[in-house]
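Required output: the full structure, derived from the provided sequences and hints.
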Amino acid sequence: MSGYLGSYLTLGIVLLLAVVLFGAAFVVNRTLRPHRPNPGKLATYESGVDPVGGNWAQAEIRYYVYAYLYVLFAVESVFLFPWAVVFARPGFGRNTLIEMAVFVAVLLLGLLYAARKGVLRWT
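Numbers given in this note's numbering equal positions in the sequence shown, counted from 1, plus 1008.
A few of these clues could be false.
Said to hold, decoys possible - Quick list of the computed label-pair ranges, beta carbon to beta carbon:
(1) LEU1128 - GLY1048: 51 to 59 Å
(2) PRO1042 - GLY1014: 43 to 51 Å
(3) GLY1031 - ALA1051: 24 to 32 Å
(4) PRO1042 - TYR1121: 26 to 34 Å
(5) ALA1032 - LEU1128: 45 to 53 Å
Honestly, the hints are just simulated from the structure, not real lab data.
From a predicted model like this one, the values you see are computed outputs, not experimental measurements.
In this text, a Cβ means the ideal position worked out from N, Cα and C, and glycines have one as well.
Shown next, in the form of structure tokens:
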């Protein structure tokens, strides 16, 4: 398959194959799974606590802040590994170091802000 439309035909075949395999996986899963519903399985489950009372509950914001800070520093570590690889290449040293210093400085400013607001206290 060569030419301009040949590449689109190849892409179309790959996409069609992906959709068929995706659908086949769902069909196989549905046919092979055990299905024995009972009231215990059909009940709402939330963090190991039986649902009692109304449908509104107040949640502490600090759990979300901890999750956000975790994601923030996980993203930082994801950027630090490729940076270390590029930093070793000739000609990239100074520019890469400056870019990463700015990135880490912004993250440290965010951490300092969170610490000054008292977000990082456990109690």
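Check: Which numbered conditions among the earlier hints are violated in the structure presented, ordered from lowest to highest?
Finding: 1, 4
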